[in-house]
Structure formats: C-alpha cells, structure tokens
Amino acid sequence: MSNVTDRESVPESPNPIGMDGIEFIEFTTSKPQALGGVLERMGFRPVARHRSREVELYRQGTMNVVVNSQPTDIPRTVVPVERPIISAIALRVRDADAAFRRALDLGAWEIPPRAQALELNIPGIHGVGESLIYFVDRYDEFSIFDIDFRAIPGVDPNPPAIADLNFFGIVQYVGLERTDDWTEFYVQLFGFTPIPDDVRFGIMPKGLLLQSPCRKFFLQLIEPDGAAQYAPMEEHLQRIGFGTPDVLAATAEFEKRGIEFVSTDKVHTSERGALTKAVLGGVMFELVHADPNSRMWRP
Amino acid sequence: MNFNDFGIDSASLAGSLENRLQAARKAGFSHVMISAADIVGHPVSTSAGVDAILKSGLRVTGLEALRDFEGLTGKMHEYKVDVAKSMLTLCHRIGGRLLLTEASASVHAMVDPDKIAADLRKLAFLALPMGIRIAFKGLSTSRTVKNFAQASEVVALANCPNLGVAIDAFDVISAEVPLDDLETVFAQQIYLVQLSDFMLQEVRSSEDEVSSASHFRVFPGEGAHSDQLSKFVLKLEEIGYFGDYSFDVYNSDYLQMPSEAIALRARRAADWLGETVLRRTLPVPNMERLRALRPC
Numbered sequence: 001m002s003n004v005t006d007r008e009s010v011p012e013s014p015n016p017i018g019m020d021g022i023e024f025i026e027f028t029t030s031k032p033q034a035l036g037g038v039l040e041r042m043g044f045r046p047v048a049r050h051r052s053r054e055v056e057l058y059r060q061g062t063m064n065v066v067v068n069s070q071p072t073d074i075p076r077t078v079v080p081v082e083r084p085i086i087s088a089i090a091l092r093v094r095d096a097d098a099a100f101r102r103a104l105d106l107g108a109w110e111i112p113p114r115a116q117a118l119e120l121n122i123p124g125i126h127g128v129g130e131s132l133i134y135f136v137d138r139y140d141e142f143s144i145f146d147i148d149f150r151a152i153p154g155v156d157p158n159p160p161a162i163a164d165l166n167f168f169g170i171v172q173y174v175g176l177e178r179t180d181d182w183t184e185f186y187v188q189l190f191g192f193t194p195i196p197d198d199v200r201f202g203i204m205p206k207g208l209l210l211q212s213p214c215r216k217f218f219l220q221l222i223e224p225d226g227a228a229q230y231a232p233m234e235e236h237l238q239r240i241g242f243g244t245p246d247v248l249a250a251t252a253e254f255e256k257r258g259i260e261f262v263s264t265d266k267v268h269t270s271e272r273g274a275l276t277k278a279v280l281g282g283v284m285f286e287l288v289h290a291d292p293n294s295r296m297w298r299p
Numbered sequence: 001m002n003f004n005d006f007g008i009d010s011a012s013l014a015g016s017l018e019n020r021l022q023a024a025r026k027a028g029f030s031h032v033m034i035s036a037a038d039i040v041g042h043p044v045s046t047s048a049g050v051d052a053i054l055k056s057g058l059r060v061t062g063l064e065a066l067r068d069f070e071g072l073t074g075k076m077h078e079y080k081v082d083v084a085k086s087m088l089t090l091c092h093r094i095g096g097r098l099l100l101t102e103a104s105a106s107v108h109a110m111v112d113p114d115k116i117a118a119d120l121r122k123l124a125f126l127a128l129p130m131g132i133r134i135a136f137k138g139l140s141t142s143r144t145v146k147n148f149a150q151a152s153e154v155v156a157l158a159n160c161p162n163l164g165v166a167i168d169a170f171d172v173i174s175a176e177v178p179l180d181d182l183e184t185v186f187a188q189q190i191y192l193v194q195l196s197d198f199m200l201q202e203v204r205s206s207e208d209e210v211s212s213a214s215h216f217r218v219f220p221g222e223g224a225h226s227d228q229l230s231k232f233v234l235k236l237e238e239i240g241y242f243g244d245y246s247f248d249v250y251n252s253d254y255l256q257m258p259s260e261a262i263a264l265r266a267r268r269a270a271d272w273l274g275e276t277v278l279r280r281t282l283p284v285p286n287m288e289r290l291r292a293l294r295p296c
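These protein sequences, in sequence, are chains F and Y.
First residue of the first sequence: 1, per the working numbering; consecutive thereafter.
First residue of the second sequence: 1, per the working numbering; consecutive thereafter.
With the rest of the complex left out, here is chain Y (with noise of 0.2 angstroms):
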C-alpha cells in the first residue's frame, strides 16, 4: 500500500479541466478518475480535452459515470446501449480501463435479477474488445442494487471476466453497513474503491443523505468518521483488496476554492490513510531485519 494507490476524481476540483489536471499531477497524484462531462463540457472540442487527459501524464483511474443502464426493453434499451457505446469510445480514447456504472434510479427498469444480470452482461461485453471493466455500484436510491453486497449478487449472477463491483466508501458509512459485509465479497471481484468522509455525525433521513451525499462531502481524515473509515480501509486490506482507490468528494464549498488547495487537502488525506491508518499493513523494513535477526 502506498501513496499511489490513491487518486482524485477530477469532480472533486473546480477550474478548467487542464488546471485540475495539473493541481492533481503537482500535489503528487498519479492517477484521476475522469467524468465523461468534464470531456464533452470541454469548451474548445471533446478532443482537446481527451488530448489534455493524455498530455497530463495522469493514468485515468477510469471514467463516470453511467446511470440508469440496466433494466429497460425495446426502444429504451437501444437508447442505452448507444449511451453506453459513447461512453466506452469515449473511456478508450481517454487510455481508460474501467468504466463506472452506477445502478439504475429509474422507475422504468425492471427489476428482474435476471434480466439487470443479463444486461450488465451485455454491458460487459461491449467493453470487453477495448480492454474496459465495468465497475457496478449499488445506490441507495435504486430500487433493486442499493449497496454493495447486492452489486455483488447481480455481479456473479451475470458472471463476465470484465465485470466487478465499485464501492463508495460513504455509502458504507451512511448506511451504517456491518463491516464483515466486505467478506462476502470477492476481493478480486471489487474494481473500484471511493472514498470520502462527511460533517454530519449521522445520517436520519434520505434528505440528509441525498444532500450529503451530492454537497457535503469531505476528504478521509477530515470529516467526523475517520474512524469508520479508517477501520473500512483495513478491512479492504484484510480481505485482499489491491485496486485503486479514489476520492469521490462532492463538496460544493471546495468548487468554490482554488483547485491547487482543494488538491493539497486531496494529498494530506492520502498521506494520512497511507502513513497512519495503513501503516500496519506496511512491512517495516528495518524491524523486519531486526525480526530476522533475533535469535529464536
């Protein structure tokens, strides 16, 4: 575990895309998860942006999101699926291998497990010849995958090499899901892990988590759960999690800030998950000769 494992997702960061780019790059990450507007929002074309994602010497943690996918028949179902196409294209351009697909909100799609199971496999199977994974996330606000352990099921359900689970961190917390959860899920299967904190010691209602969720979310270490989420990150370990981790901080204050400073607070808080949450997982290298040492 180390200070690369983390990343920052470029929603987290107000400006231009090339200065969040940068602000990222100079605080010392090096990869970003990119959001398919932050592209297409581009104000001179959505190739002189897919050329400042690749001109920025960041990888791409992978590209945001695709909502509202599984689920729909006929006319709908083809809308998607073009949806869908776009955004692999546009994930390929941008050298990304993974793209996040967030569980559908809407009252139209079917609730079937069998037939959300065989579109994520469709899904899947779109991105498989670019080299893509899709990383399914459970929301709250969905009516048949609200939480990760349910991602999970649909996951082995459809059963593709390419299709995994993402996890929000906050949606964890929020909910106040039992942390031995994490064990039902394969480590492998997890492409994708988002972290953030929040300001509010409980969640009561779904106001409250909405708003939470979408305005005041801050960075690992700064919020009042550092603990949850510190025991949340040390599960992950224990259970075998090696993949990436993003911070997913949507903080309307912070795009009101210089995206250099929100940055720093982006790196203080990969500094303190790296250095004092995870330490225990880090061998030391000097006790470790010292271990060796020792007559036993």
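Looking at chain F on its own, in the form it has when it is part of the complex (with noise of 0.2 angstroms):
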C-alpha cells in the first residue's frame, strides 16, 4: 500500500516532535562557583556532578539547571568565560533520535557526537548563536542524570520549589529584523506557535512570544532598538523565565535570601511579574504569574 500523504495531502502533527516541556537549561562559565552561588539564592540546589566533565546539575522542583565549565571542544559553541551565558535547551521529545533527523532534513546544523563510553549520546542542533537545542527522550522511569552523573551523596536529590517555581520560557534577542526568521526556525523545527500581541504575560511587554506545541513553555523575540539598532549583529539567549502561581510570595522569599528586584517607574514587582537585577555581568531571571493549570494561551 502506497504511503496515505502520496495521494492526499496530510497536515503534519501540531506537535511533530511530540515535545514535552524542558528536560535541562544549560549555562557555561569558567567560574562555576559564583553561579551555584547565585542559582543556591534562587532556591535550586546542587544535586549531581557529570561522571566525566565539568558539569554540575542544580535542581529545584521539576527544574534542572546544569552548569558547565568545561572547554569547549565544538566549534560555534560557547567557550567557559567567567559571566555566565545560557549555552544549552534541551527538549524533552517523543522520540529524540527521530526528532534529531527531522531537523537535519529541514536543514539544522548538527553537533557532532562527544559522549564517552558507556555515557549518553544526545543528539543535538546549533541554535541562536552559540547556543545549542538537545533533544532527550528518557525522561519518565530513569533520565539522562541517573546514567551520566553521579549523585552527591546526602543530598535529597529532589528539592522542592520555591512558590511551585517551574520554568517558564526563555527570553531570546534577536538581530533588527530577524523576528520572522527565528519564528519560521521554531514554527518548522519544533512546531512552536506565534501567539497574539495583546496575550502578555509578566512585566516585559516587549516582543514577539512563541508558544511550544506542549503549551508548557514560551519562547520570546526581541529585537533590537534604539541605538543598538546600529551594533553589529548580537543574538543569544539572554534570560530564563520562571512561572509561579503567587509572584509576591515567591519575590518575598528571594528577597530574603538576598536577590535584589529591578524597581524603576517602568519595571517594578507586581502581582504579574518580577525582574531581577543583573549579577555576575548579566545573570537575569524573570518571574511571570502563571496558574500551571491554565497558563497556556489557546487559539
């Protein structure tokens, strides 16, 4: 029997990767320290060190954050300097392998394979600039952490989250103009969906957000303006986004453990959201209200 999309024509699958939420975000930095420093303040905890590089996985809820500090051995990757810079997604999918292959049909770049014996070879894609999108697939019984990383012993290896923190999207700048390439690489690659202007969430008005094919994560596109229209290209990712049903409550609590918030006439807490101030030479996340019941925006 002929394939059916031979004779008629089948719309792919809103969700052709069958993306489910984020496994890890990753950040590299040669001075892993400070940052575990400033991760600890923002409730996660280290739980596991990678069995053969310098990589450090921090987690607080469903949350993981891996820290890595080892040198790079990949062209078009982040080299480890000492401000830290989001150098990874990782994407929890159906099926990474078949995820992987769709994206190099569609013409993504791949990284070539680095995993020692016996550890986890995840398949991986150049993303925004130096950055890099992984796909994983063990997510349920057992992950990627229980096979490469050891845990550190006496550690609850599961600490809960802050106010239910949980994330909630990636802030992405873009070079003037590139809004509609970088919505056409997510929209093909992953299925992601540009969502309507007046749907905001938090405090950050500014951008074009894309909503992923799993309703639990956003991405958003930020063009350049003002005089740095004029720079040189620059595009990374530039901040995570952390969801919580309560921004006050979550807000109080870091305040506490000494995270300072940006306060000025345009960006202030508010029951909608929280920015807080740059450290370690641009570290940022945001706080964004969201009920992860009912969050998602639905067409």
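If you are wondering where the hints come from, they were derived from the structure by calculation, not from laboratory data.
Keep in mind the model is a prediction, meaning the values are calculated, not measured.
Heads up, some of the hints might be wrong.
Cut-off 20 angstroms, straight-line C-alpha distance, at most; resulting in silico cross-link-like pairs (EDC-like, lysine to aspartate or glutamate) [claimed, not checked]:
hint: 1; chain 1: F; residue 1: K277; chain 2: F; residue 2: D291
hint: 2; chain 1: Y; residue 1: K85; chain 2: F; residue 2: D105
hint: 3; chain 1: Y; residue 1: K115; chain 2: F; residue 2: D105
hint: 4; chain 1: Y; residue 1: K85; chain 2: F; residue 2: E130
hint: 5; chain 1: Y; residue 1: K75; chain 2: F; residue 2: E110
hint: 6; chain 1: Y; residue 1: K85; chain 2: F; residue 2: E110
hint: 7; chain 1: Y; residue 1: K231; chain 2: Y; residue 2: D181
hint: 8; chain 1: Y; residue 1: K75; chain 2: F; residue 2: D105
Since each chain sits alone in its own frame, please combine them into the complex, following the hints.
What follows is the structure, given as structure tokens:
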C-alpha cells in the first residue's frame, strides 16, 4: 500500500516532535561556583556531577539547570568565560533520534557526538548564536542524569521548588528584522506557534511570544531598538523566565535570600511578574505569574 | 539612491585580494561582493584571506557563488549540503549576510518544482541561524530556473523569510526580457541586483551568450546597452527595490589591467548611474523648497 501522503495532503501534527517541556537549561561559565551561589539563592540545590566532564546539575521542583565549565571542543559553541551564558536548552521529545533526524532534513546544523564510553549520546543541533538545542526522550522512569551523572552523597535529589516555581520560558535577543527568521526556525523545527500581541504574560511586554506545541513553554523574541539597532548583530539566549502562581510570595522569599529585583517606574515587581537585577555581568531571571493548570494561550 | 548603493565584485578586478580590496576602497566603494575562491585561494591561508576582508573597511555585499545545489538526491544531495555548509561558514567568517546561489545547471538535477523548492528551503534554513540570506539566481543554462521570473516562482513556493532572488541585468538585457516582468516580483523578495553591460549589439546564439557572459562584460555606461540598463534600474526603483547593486563585470581584458584603473572605471559607472540615470528619483532639495514656497 502506498503511503497516504502520496495521494492526499495530510497536514503534519501540530506537535511534530512530540515536545513535552524542558529537560534542562544549561549555563556555561568559567566560574561555576559564583553562578552556583546565585542559583542556590534562587532556590536550586546542587544534586549531581557529570561522570567525565566539568558539569554540575542543580535542581528545584521540576526544573533542572546544568552548569558547564568544561572547555569547549566544538566550533560555534560557548567558550567558558567569567560571565555565565545560557548555552543550551534540552527539549523533552517523544523520540530524540526521530526529532534530530527531522531537524537535519529541514536544514539544522548537527553537533558532533562527544559522549565518552558508556555515556549517553544526546543528539543536538545548533541554535541561536553559540547555543545548542538537545533532544531528550528519557525523562520518565529514569533520566539522562541517572546515567551520565553521579549523585552528590547525602543530598536530597529532588529539592522542592520555592513558590511552585517552574520553567516558563526563555527570552531570546535577535538581530534587527530577524523576528520572522527565528519564528520560522521554531515553527518549522519544533511546531511553536506565534501568539497574538495582545496576549501578554509578566511585566516585560516587548517582542513576539512563541508557544511550544506542548503548551508548557514560551520563547520571547526581542529585536534591538534605539542605538542598539546600529550595533553589529548580537543574538543569544538572554534570560530564563520562571512561572509561579504567586509572584509576590516568591519575590518576598527571594528577597530574604538576598536576591534583588529591578524597581523603576517602568519595571517593578507586581502580581504579574518581577525581574531580578543583573548579577555576574548579566545573569537575570524573570518571574511570571502563571497558573500551572490554565496559564497557556489557546487559539 | 546614492553612490553607496553600488558595490563591486572582487572577481572583476585582477591582483591579490588585498590589492583588489584596496583598489575598491580607494575608488570610494563601501561594499564588495566576494568570490569564495578569493578567500580559499589566498596564498597564505584562508584565515589570512578572511582577515584581509575584515580589515579592509569594506562591507561584504555577499559571498558568491553556490552552484548546482538543488534537485539532487542521496549522496549527491548530502555532498552539496556539506558544500553549502562550508560556504555559509566562510560567509559568516567574513561578516557576510548574503550567499548568492545560482540555479542548477546539472543534468543530474531533478526538475520537480516541489523538490527544488524544498531544497532551497533547506538551504535557507541552514543559513538562518547565521543571519545569512539566500539570493537565488536563475541561469539561462539551467534546465528549470532560467530567469528571475522562474526564480521568483520557486522562491515563493519555498516560502522562507530569508530566501529571495538575485537579478542579473545581463540576463535580462541579453534575453530581451520585457521590463514589465519585474512587476511580478515583490521588491522585498529581491536581495541583490547585479549590473553589467556588454559590447555586442545583440546576443544571437547561446555561444554568444556564454562568451559575453564570462569574458566581454563591461561596466554600466561603457557598453552598447546603456539605454536598456538605465531603464532596467529605473524600473527597479519604481517597484521599490532598495537593496544593493553590485557590478559583476567579467572581462578577460580587465583582468590584464591594473585593479586601480578598473576600480576607477567602476566608480565612473556608479557616478553615471547615480547622477545621470537615477537623478529623476532623487528629490532635489532646493527645488523642494521652491515648490513649497510657491503659492498654490
């Protein structure tokens, strides 16, 4: 029997790679302890170390943040410097190999495998700037961290989240007139959907919001304005946004832990959201009011 | 429209890459179209070629040219994807934001428009993270995409935001394409316009065309088709094109002359186009003021 698509145009699934949220977000820095200190104040706990690389896993609730200080061995990837840089996102998908091959067919750039013996080879592609996008399909009964990482003894491997914090999204800075290009990238590769301008979350209203096909995650694309328009094109993952059902409770707790929030006429903490002051040369986090059960936009 | 809209192809000039860049700069050009062979053929190293461009003070109009990319399958397709990646990497290293891609003239290439569009879409996708645009150009020797109208159709079918067309004035004039055909192309979809004239009054045979295309082009205003060329440029302005113009003058005589002299000829061509041909599209400041002062 011939394939059904030979005779009829059958639209691809709105979730072509079976995306199901974020497995981890990775920072790269040459000063992992300094970033670790900031993450701990934000409620994360170090829970495991990579078996062969200088990589540490921090966790709170459902969120995994990986801190990488291993010198890079792949071109067009982040070289560890003092200022921490968001260097990778790992997407949970139905079938990592299928998602990876589909991406390559569409024209993504693969990264060469670099697993050591008996480690997992996590397929990945190049994303914006020097960042990478990984595909992970083992996240249910056991995870990639069970294989490639060694638990830190005596530490709770599943520390609870402050104020039910969870990954809400990532802000990506894009070049001038590059929003359409990057929208195409995320729509085609992963099935993201641009959402209307009047749907807004948090307190930072600029840019275009793209919703993941699993409705668990957002990307926010922001073009330069003012004098930045004339600077050379600079594109990167700028900050992580955390969702919480209670922004004010979360900020109160974080302030107790020594985290400072931006407080100006235009940007200040409210029930809708909050923005931490930049530390370590540019690391900031955004809090966004989001009810985990009904926060996402539906067409 | 001003002089800065015009750039020159490094392939139009003879000598070392450094000399050619310097000649272009001295003649007053602000951007230059680079041939990949200029960089990888640098006598010291590819990196030295890249450095020469980065230090030249010239903006890179684009890198040329990826050829015979689309319509292939299996190993040949994989091989061409590798070639494309290598050219995109080179383009990125020299700060280029455009890769000129010529329609396939390979007899092995499939002619199915959907396959061609899918391959171009993949190429545009490869270029996307680096901020590079793909300018696809029809070739008279291609079996499928012979001119800008067909290139534009394929680009529309591929539908990718960083995929557009390049138009070569030589192809339009030598094939006597009606200028009104330009109205079928969205101006925003035109990423590059290449300009040259040629000496033959008319192109009678395909041999004429090939020899003129590769040996006997001259700068705008120097050849037998100044009138058609000026109408061509005016038409582009009329439909709203505001991208780069590049002089792609392949002339074997010019390659035996000092690059400084050729760059100055290019400069004359830019002045001719800017001051003579496009004068009508420029607002004249004093006239504007007089018009405003005149009682209605």
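The hints, checked one at a time:
1. K277(F) x D291(F): violated (24 angstroms)
2. K85(Y) x D105(F): holds (14 angstroms)
3. K115(Y) x D105(F): holds (13 angstroms)
4. K85(Y) x E130(F): Distance of about 16 angstroms is within 20 angstroms: holds.
5. K75(Y) x E110(F): holds (17 angstroms)
6. K85(Y) x E110(F): holds (11 angstroms)
7. K231(Y) x D181(Y): Between K231(Y) and D181(Y) the Cα gap is close to 13 angstroms, so the pair holds against 20 angstroms.
8. K75(Y) x D105(F): holds (14 angstroms)
When each numbered hint is compared with the structure, a violation occurs for hint 1 only.
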